[in-house]
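Chemist: Next come the chains, spelled out residue by residue.
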Amino acid sequence: MTSNAHLLAIDSISKAFGGVQAIDTVSFALSPESITGLIGPNGAGKTTLFNLVTGIFPPDSGDIRFRGESISGKAVHELVGMGLGRTFQNVELFSSMSVLENVLVGLHTRTSCGIIGSVFRTPRLVKEERRARERALELLDFVGLADLAHQRSSDLPFGWQRLLELARALASKPDLLLLDEPAAGLNMGETDTLGELIESIRKHGITVLLVEHDMALTMKTCDRIVVLDRGKKIAEGPPRTIQSDEAVMAAYLGKPK
Amino acid sequence: MIRTDKHLIACFVFAAAATATGLLVENAYYLQVMIFIGINTLLALSLNMLMGYAGQISLGHAAFYGIGAYTTAILSTTYNISPWLALPAAVFTAMAIAYFVGRPTLRLTGYYLAMGTLGFGIIVNIIFREWRSVTGGASGFVGIPPLEIGSFAFDTDRRYFFLVWGVVLFFFIICRRIIDSRVGRALRAIHDGEHAAAAVGVDTAKMKLKIFVLSAAMASLAGFLYAHQIFFISPGTFSFLASIRIVTMVVIGGMASIWGSLLGASLLTLLPEWLHAFADYEMMIYGLVLMLVMIFLPQGLTRGILDIYENSRKKNDK
Ligand SMILES: Nc1ncnc2c1ncn2[C@@H]1O[C@H](COP(=O)(O)OP(=O)(O)O)[C@@H](O)[C@H]1O
Ligand SMILES: [Mg+2]
Numbered sequence: 001m002t003s004n005a006h007l008l009a010i011d012s013i014s015k016a017f018g019g020v021q022a023i024d025t026v027s028f029a030l031s032p033e034s035i036t037g038l039i040g041p042n043g044a045g046k047t048t049l050f051n052l053v054t055g056i057f058p059p060d061s062g063d064i065r066f067r068g069e070s071i072s073g074k075a076v077h078e079l080v081g082m083g084l085g086r087t088f089q090n091v092e093l094f095s096s097m098s099v100l101e102n103v104l105v106g107l108h109t110r111t112s113c114g115i116i117g118s119v120f121r122t123p124r125l126v127k128e129e130r131r132a133r134e135r136a137l138e139l140l141d142f143v144g145l146a147d148l149a150h151q152r153s154s155d156l157p158f159g160w161q162r163l164l165e166l167a168r169a170l171a172s173k174p175d176l177l178l179l180d181e182p183a184a185g186l187n188m189g190e191t192d193t194l195g196e197l198i199e200s201i202r203k204h205g206i207t208v209l210l211v212e213h214d215m216a217l218t219m220k221t222c223d224r225i226v227v228l229d230r231g232k233k234i235a236e237g238p239p240r241t242i243q244s245d246e247a248v249m250a251a252y253l254g255k256p257k
Numbered sequence: 258m259i260r261t262d263k264h265l266i267a268c269f270v271f272a273a274a275a276t277a278t279g280l281l282v283e284n285a286y287y288l289q290v291m292i293f294i295g296i297n298t299l300l301a302l303s304l305n306m307l308m309g310y311a312g313q314i315s316l317g318h319a320a321f322y323g324i325g326a327y328t329t330a331i332l333s334t335t336y337n338i339s340p341w342l343a344l345p346a347a348v349f350t351a352m353a354i355a356y357f358v359g360r361p362t363l364r365l366t367g368y369y370l371a372m373g374t375l376g377f378g379i380i381v382n383i384i385f386r387e388w389r390s391v392t393g394g395a396s397g398f399v400g401i402p403p404l405e406i407g408s409f410a411f412d413t414d415r416r417y418f419f420l421v422w423g424v425v426l427f428f429f430i431i432c433r434r435i436i437d438s439r440v441g442r443a444l445r446a447i448h449d450g451e452h453a454a455a456a457v458g459v460d461t462a463k464m465k466l467k468i469f470v471l472s473a474a475m476a477s478l479a480g481f482l483y484a485h486q487i488f489f490i491s492p493g494t495f496s497f498l499a500s501i502r503i504v505t506m507v508v509i510g511g512m513a514s515i516w517g518s519l520l521g522a523s524l525l526t527l528l529p530e531w532l533h534a535f536a537d538y539e540m541m542i543y544g545l546v547l548m549l550v551m552i553f554l555p556q557g558l559t560r561g562i563l564d565i566y567e568n569s570r571k572k573n574d575k
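As given, the protein sequences belong to chains A and B, one line each in that order.
Numbered according to the working numbering, the first sequence spans residues 1 to 257.
Numbered according to the working numbering, the second sequence spans residues 258 to 575.
Chain B with its partners taken away, still in its complex shape (with noise of 0.2 Å):
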């Protein structure tokens, strides 16, 4: 609890640095960039609940981010209806994809979630590209109206910003309640040693399963709100390798943190702005930073390097 109210004085912080920055900066490049940052944010945040706190890994992240974004596109242009009402569609249709999912594969110990995402996630994007008269196919969708509140329109990136800033706010601060919960530790003991934590009476698989349904949920919200930004949203966004650079900025971000989730989202919203040779060897990027975590930090970048410096205490020690 400690902890939390710690946390609450740095949202407030973080609160007002953003106002600030949102009401400051004029430069609509910039803007659109935070707000990407601000939906990469959320993104990253979704995997660190289920990768970073329960240890689980998900490698088709970015297909509940596209069911997020084309059950909104679809439902909000081809058949008119308010955005507000596809929002709990679209989410209720990602936490109903993510139990089926789960539901088999976090019975067991091991990376059956992984396997079974993979799989899911290269499914899940053949469906956007070739399902054409709904989803637009390869070309995409175009034509995603703004979100609106009477006749209030999100239709200035100032106001966007705000939105989704407000909206990653939030879940800094429900996702800090989640973890510094029962719940929370129950996740935690899963991830530090699954067995034991169902011989001190923790329901593992039904654990491991509600976070992921979270999870899921807040990708897909992350999908909403891209979605209503770019007014256009194509498969190639939600493809193996988008998954595979929410799993990337988890690590490099930190796992079990969700200000680490900022960290990574900002560092891999920004590297390919910045240096435009990224983009043509981001994949092999990508592949080597979780190749070298993976063989030298196994726990995870924050994990790993807490773990080297005590070993090395310890050492010294004795």
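Chain A extracted, bound-state conformation (with noise of 0.2 Å):
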């Protein structure tokens, strides 16, 4: 396999924060349109390996290429550019801002308006404004919030938030989605139709990697799942094989390896 027929591809990283070994020479790669899980219980390093991967720190050693080019030396925000979209393990929105104007906020990339631009507000600007709000309103009813578009983020309750969450970085177009715990906090009716948004992005072109609790819901959407215990990638293969491996289950259970 040649890392260029993957979206994406983690080459053996590692990332040490003082002590703490959060990922360990891990590696693992995502074909185009997969979705693919990754668990692994609490304080495994799931989050720390988005943030390696969206550009918020680099790891110690090791590489990931993003369409066969390493992302090192990248900004978050171009990364972004490039197509790598996420949301946060705690939500984070734009709290004073609109529902609405979050998602506006996600179209930044894909917008170009600046504050010249803003002042004299020539109709080429006027017009990307206006897609960009027809593109906003789009996304927010895909997720099915068009009718909040206009209360404040803040107001909306935990579920929806983290549906906003999506609508946002959906709006930047990406081609690779990471969702850092979807579902938490989410009743099982939200959660199925996160399930369902879910194979709906997929079916838009779209690569997800899923960090998810809900067995579920993982083993129902992903096509395959890799799983970290303490920073180690000990599993990786489709959901059935997961469901049955011992690792995962002592992982999972704390029984002794």
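What the hints contain is simulated information worked out from the structure, not anything from laboratory work.
Don't take every hint at face value.
[Unchecked claim] Short derived list, chain B residues pointing at chain A, Cβ under 7 Å:
| hint | residue |
| --- | --- |
| 1 | A267 |
| 2 | R434 |
| 3 | I435 |
| 4 | V440 |
| 5 | A443 |
| 6 | R445 |
| 7 | A446 |
| 8 | A455 |
| 9 | V457 |
| 10 | G458 |
| 11 | V459 |
| 12 | D460 |
[Stated by the list, open to error] In silico DSSO-like cross-links for lysine-lysine, where the CA-CA straight-line distance does not exceed 27 Å:
| hint | chain 1 | residue 1 | chain 2 | residue 2 |
| --- | --- | --- | --- | --- |
| 13 | A | K232 | A | K220 |
| 14 | B | K463 | A | K127 |
| 15 | A | K74 | B | K263 |
| 16 | B | K263 | A | K173 |
| 17 | A | K74 | A | K220 |
| 18 | B | K263 | A | K127 |
Ideal Cβ positions, reconstructed from N, Cα and C, are used throughout, including at glycine.
Take the two lone chains and join them into the complex the hints point to.
Modeler: Right under this line is the structure:
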């Protein structure tokens, strides 16, 4: 397998925080338009891996390639421009802004208006703004929040805030979407809706890497699963195999190996 | 956009009220006070764009105000250059300096800009005070010419009133346009969460730098207007206290509020006029106000009060 066939290739990366080896020589790769689950007990290093992939901090060693190109030295916002989108484990919305405005910020890399442009409002930029609003409303409609477009984002119930964050991440038109525990705090109905949304996102040609504790959701939606435990990859394979993997059971149930 | 239209209507109403005031008020003292309110509003607005919207604090804004005033004073008086040519020179100088101060400090998250501008403001003030041959030193710079367009001079208080408030109104409109655009949304996003803003594709360092440079340009324009109104400038007007006064205007009037800048500037221009005792305790009062706001409403008055209101509502809902 050449890494170019993969949208994302993670090549033996490691990351330590002080004495904690949060990620320990982890490698795996994502094929285009797949849904991959990243699971593991709390503190396994899943969020750290997301932060490495999105360029928040660099790995101590190893390499991450996105569409065959190393991401090392690229700023977070540059990677978004290249097609990397994410949501946060602890929802991080722009709380003073409306639901619609949150998605509009998500469209930042897909629009171009600067300070001068905003003052003079040329026809091109007026059109850009109108298109952006239409697109934002479409995305809100996609996650089912179109009716709440003008509400303050922090007024939304928690589950809907997660959906808004998803819409905001989709706005940048990512090729790869990283979702960090998107179902945490959602009720069963909301979790089902989320599962359908993720399927539908993949149908739009977006590759998904999903960190999730909800096993039913993970097993149902993912093509492949990667299991982390204490920074190490302990298993990788299709959901069925993972479910019966002894090392995985041990990691989750805390049995001695 | 809807908000912008409403804002435009508000601006029209405001323009009408200002015009009426400018035409009806005869008392020279009142006109002068209102001119200073206008200049201070421009200053407060300049800092509010940076602090209220983007959440970046400048503790040296009076330095940019002073750079505007001294650049035009030196060029138009010492070198006899037309003030209209001195104006772009003043604004450009302020923008260039803001770029060099902002570039290293705004790359980092946190209060580095506040520390950087604090030191910068103090240094600039020392230069105003000590570079006597050029700035006139502590005793000030005298003989700044009035502004003229052809044979029309802005040499009466009424004319200057219209000039200043025309400029303020112009900036009310363009600042609102910026805030309601992609740029303004990115700035507010940075204020709400810098990491999240970067994670959705905003080049946060660049955005912060842009708004800081714009903010410095506006402050230097206020300095230009100030110099050609009173014809005499001295370092005290652009001291650290003046920077704190601008911060206080923004905090009292309301962070992230264009009209709040007008309110804050009005209050802090009028209070020392009304209460002469105020001048003696000015620094203490500002310190106290800022301290109370930082402790009880760290997000600023407007946001803080809204948050308290919303939290109490949420609690009542439960
Ligand atoms: N920014 C950080 N600074 C210090 N330690 C961190 C940081 N981020 C994560 N860690 C540590 O790294 C380990 C993995 O954390 P994390 O990636 O959040 O796990 P998970 O998302 O799988 O629950 C934990 O021990 C955590 O305390
Ligand atoms: Mg995590």
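Chemist: Now tell me, hint by hint, if it's right for this structure.
Modeler: Hint-by-hint comparison with the structure:
1. Hint on A267(B) is violated. Least Cβ distance to chain A is approximately 18 Å, over the 7 Å limit.
2. Contact between R434(B) and chain A, as hinted, is supported at the beta carbon level, the nearest pair being about 5 Å apart and thus within 7 Å.
3. With a cut of 7 Å, the hint placing I435(B) at the interface with chain A holds, because the nearest CB-to-CB distance is about 5 Å.
4. Taking 7 Å as the C-beta contact cut-off toward chain A, the hint placing V440(B) at the interface holds, the least distance being around 5 Å.
5. A distance limit of 7 Å between C-beta atoms decides the matter here; for A443(B) the minimum to chain A is near 6 Å, and the interface restraint holds.
6. Nearest Cβ of chain A to the Cβ of R445(B): about 6 Å, under the 7 Å cut. The hint holds.
7. The beta carbon of A446(B) is positioned within 7 Å of a beta carbon in chain A (closest approach about 5 Å), and the interface hint is therefore held.
8. At a threshold of 7 Å, the smallest CB-CB gap from A455(B) to chain A is about 4 Å, leaving the interface hint in force.
9. With a least beta-carbon distance of about 5 Å to chain A, the hint placing V457(B) at the interface is held under the 7 Å criterion.
10. Hint status for G458(B) relative to chain A: holds, with the closest Cβ pair at about 4 Å, below 7 Å.
11. For V459(B), the interface hint holds, since its Cβ comes within 7 Å of a Cβ in chain A; the closest pair sits about 5 Å apart.
12. The interface hint given for D460(B) holds, since its Cβ lies 5 Å from the closest Cβ of chain A, which is under the 7 Å cut-off.
13. Restraint check: the Cα-Cα separation between K232(A) and K220(A) comes to about 24 Å, which is no more than 27 Å; the hinted pair holds.
14. Distance check on the hinted pair: K463(B) and K127(A) sit about 25 Å apart at the alpha-carbon level, within 27 Å; holds.
15. Restraint check for K74(A) and K263(B): not satisfied, since their Cα atoms lie roughly 41 Å apart, outside the 27 Å limit.
16. For the given pair, K263(B) sits about 32 Å from K173(A) by alpha-carbon distance, which is inconsistent with the 27 Å threshold.
17. A C-alpha spacing of about 34 Å is found between K74(A) and K220(A), which places the hinted pair above 27 Å, so the restraint is violated.
18. A distance of roughly 20 Å separates the Cα atoms of K263(B) and K127(A); the hinted pair therefore holds under the 27 Å criterion.
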